[in-house]
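S.K.: Fit chain X to the known structure of chain U by using the hints.
So the sequence lines, in the order shown, correspond to chains U and X.
Counting from 243, one number per residue, gives the positions in the first sequence under this note's numbering.
Counting from 3, one number per residue, gives the positions in the second sequence under this note's numbering.
If a hint is listed, it holds; no wrong ones were tucked in.
Output of the computed footprint for chain U on chain X, the stretches with three or more beta carbons under 8 Å from beta carbons of chain U:
(1) 37-51
(2) 249-255
Listed next, with one range per pair, are the computed distances between beta-carbon atoms:
(3) A127/X / M623/U: 23 to 29 Å
(4) E601/U / K159/X: 54 to 60 Å
(5) P596/U / A70/X: 45 to 51 Å
(6) R281/X / E601/U: 22 to 28 Å
(7) R24/X / N564/U: 43 to 49 Å
(8) A134/X / W250/U: 21 to 27 Å
(9) K159/X / A375/U: 35 to 41 Å
(10) K159/X / V483/U: 33 to 39 Å
Derived DSS-like pairs: lysine-lysine, alpha-carbon spacing no greater than 30 Å straight-line:
(11) K459/U / K159/X
(12) K467/U / K565/U
(13) K333/U / K467/U
(14) K333/U / K454/U
(15) K454/U / K435/U
(16) K419/U / K454/U
(17) K555/U / K255/X
(18) K467/U / K454/U
(19) K255/X / K565/U
(20) K255/X / K159/X
(21) K509/U / K27/X
(22) K555/U / K565/U
Rather than coming from a laboratory, the hints here were simulated on the basis of the structure.
The beta carbon of each residue, even a glycine, is placed where N, CA and C say it ideally should be.
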Amino acid sequence: MNLKKVNWAPYLLILPSFLYLMLFFGWPMIRSMELAFRRDSQILPLRTEPFPDSATVGKLERGAEVTILDVIKSEESSTGGLLSKKSFWLKISGIDVEGNEIEGWAERGPVFVRDASRSEEGRVVDSSVTVYAEPDETGASVGELPQGTEVTITDWDELEGGVVAGGLLAKPAQWFKITAETADGDTLEGWVKRGPVFVEDTRISTTGRVDKGEGAKEWTLDYIKRMVNDRRFTESLRTTVLLMVLILPVQFTLAIIMALVLQSRLKGNTIFLYIFSIPLGVSDLAAGLVWFSIFTQRGFLNSFLERLGLIDKPYIFISNENKQYIILAIVLAEVWRATSIVMVIVVSGLQAIPGELIEAGQLFGANLWQRLRHIILPLLMPSLQVALILRTILAFQVFAVVVAISGGEVVTVLANETYRWYEVGTYNNPNVAAAYAGFIMLISLGVAVFYLRAVRTQEERATQK
Amino acid sequence: MSAGTVTSTRRGLDAAQRRAIRARKLRRVSVYGLAILISLWILLPIWLIGTMAFSTRADVRSYPKHVAPVPFSTETMEFFLDTEGILTATQNSIVVAVFTLTLSTAIAAPTGYAISRYLFAGRDAFRLGILAVRAFPIVILAVPLAEQFRDWNMFDKVYSLALMHTALTLPTTILVIASVFASVPVELEEAAKVFGCGPVAAFRRVVLPLALPGIAAAAIFTFVMSWNEVFAAILLTLDNRTLPARILYTLDKSGDPFKFAGGFFMLVPSLIFIFFVRRYLFNMWGQITK
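Bound conformation, chain X alone:
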């Protein structure tokens, strides 16, 4: 009799445990389901426009639409790239983005270092100012800057747009680089100084190598921001359009193949670059909340 009760209680415990395990498993599975659902929500539209970009033009115009690029064809993509002005615009976009990346990183790096390493009067005000500037961009700046560039005879120049994009990306770049420097332990720098390095040598030999991957990630993000920017680009250029400005300007006169191929073409760099900087994303944005 007693043996029977023991086994029954043991069985009862087992059941409760099993239930708990099953509940946890269920939760796990539902979280997985949720994650996959959200992934689909993000990936499906990209897959669909990719399908369009790699179908024949006849298929792009056909209805109902295919949901896979079968038959696969580069015709639509080639048509887009062969459209007059697209290659030059792409080239302009790359030049603007590279110029922006270089200038922005060059100006932001010392500032980021100063913010992360020194306590100085006005540091908090300066940081707050940068945050404020980060939140109020493009639309407000583009109109007066376009007028100013006309006065200075710099209107419709690729490098003037890069100057504008630098102003736009600078706050973000500064904050990201500051967080990158902050993640390099001060002790390492001090140790280098103890072993006879001057402040410059300590920075160059110890801090910089450790910070370099993070700075590269910030630079890549700057590139993507400039590559994507369209409002200032369309206001500040006329003949020397960047890619988004060129596409937007003729949008109402363009057919579906042009729009879809163009949309996909603009997506590609972001897909690649985000892959490389994904580890640093929280560095970049975590900063903003502190």
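With the rest of the complex left out, here is chain U:
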């Protein structure tokens, strides 16, 4: 190419897709690594003893749910003896950043005890307190309560801090809904702000959540450790690999048969081509539901077996005890759905094989199997390799088929765990989810490199011969 006259047109034409893929492929890859290896939120150390300087047992992440086992009040006087600080220490247990269950002490402050403020008894400590109809200071008031009145708390509400007049930020306020007896014996019901009502902490709740911690922004392997320690990690990895090992051979055999059938140019070939390609457009979720309808307890398979008289009551294929049938259903669904992609690749590979070669084989009396073994398959190798890499990588992402058939509980796969760790309803931990996603990418990459290496050494061996 002439250096002086570089044609810029093709570069301009590919620029939009290049930029787009950088933004929506390259950048998320980097983000993914950052999520998996970098801590963003603070952590709370748990200590062996209820003192600030005792040894740490482990670290809890912000948002971690904990169980409160014990509570003690410690009084700590500073050196001059002027100030003494009262503090509560909680003995808690929870799942630490690495996914292990740990037990230890933490000061009450950072641990938000969810139900403590729902203690039902309280007392007015200010000189008097106004009771409002709604948890809103600007709203209508219902009455006043004098100092010392015992109140019963029926509900509470936490209001977000907002901007008050003058542009100052208001602190988040807690409101209690209370009922109390007034001096003249009436029952008064309404909302009061937390401050003036002292809530007796007689009963400490047994559950809480880590509200804040210390430190932030550091490189860490905690999320990776947490993923590996996850009780479903090994199981999901094993199932994913098992599915791959079961599906791929069946899929490739069937795909080659389908391609050969299409290649033999029957009458009505176009109809067969259409039928064989239908699964290309079928989503994994739909395929899962289709096969669920066959394997479910009151499904088609049981109906069929019963009509044949092989069983007299429906057999429960999809259950905790019958993992092998769930796996079978998933394998069938995936073979049903994804074989067409391999078939199309094989067909275009077959079309590239010169017809004369096969005819020559025929002429020399090679039967179908010999032609397949010695002419077609070797020439088909490049196509099969591409299909193999593609299908293997996709096999690590199998998701909706598994969820549709098994519900994602009994039998689980890596992609399903990624989803569960991300989902708000379950773990809500994007970092561990990113670790799972990164793991999937890593093994996919590994497999691709392995295949390509294997192909290259094979070719080298062939050329050396």
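M.R.: Just chain X, lined up with the frame of chain U:
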């Protein structure tokens, strides 16, 4: 005597020929049998779930199951479509898919043209990059993109999901469109230039009309890919679910009629669209092996 030998050899030849013809016929029949068997393997499950979708709800729950929608009823299908959120989710799915199709085709078309028509430094690396991107999709991207969209205040928006789906479908669309352009002879374009067309006019008047059906097929395939995609959809949306995400999210709480009707409803567009693009399928995937 000699006459007798002649007839016998002729008869022998006839027998050998007949045997060969019979063997060929037998092979033909067995290939037909195989083709029909495979067709049944593909069609039967679709027929069965279709049967469920068009039976009454009582029939869907009954056991043993019917294998034909008799009596025919749209009750189950109507029940599914009337379920809260299904129509909105369908609408969301269509909006996402149409947005994806438009953006993806608009970005992919020039790139496809460049790859098929120009030899430029870095062309092979770029093609390889696209192939690599095509092989590593959804799961890896969805988590960081969801987080990124939260930061950018774009989370749970229909158009953000479409942006993600565009990234997902772009590599395939580029490769398909490149193969479509490659199938339009360069000579035609050059002839147009000889007759006084500028490069833009030559493209618009000669290449584009010839490539348009193929590009339409690529666009339809993009639509189907977006319509089917569920993993990114369920991670990137919360209230604005697309149809597959909506169905998957409530799967454990749904009864059989909902699941079967939903499964069939998601199948229908693919059945129709694959029919229209079937001629181009090998264009699409043949590319990948070269």
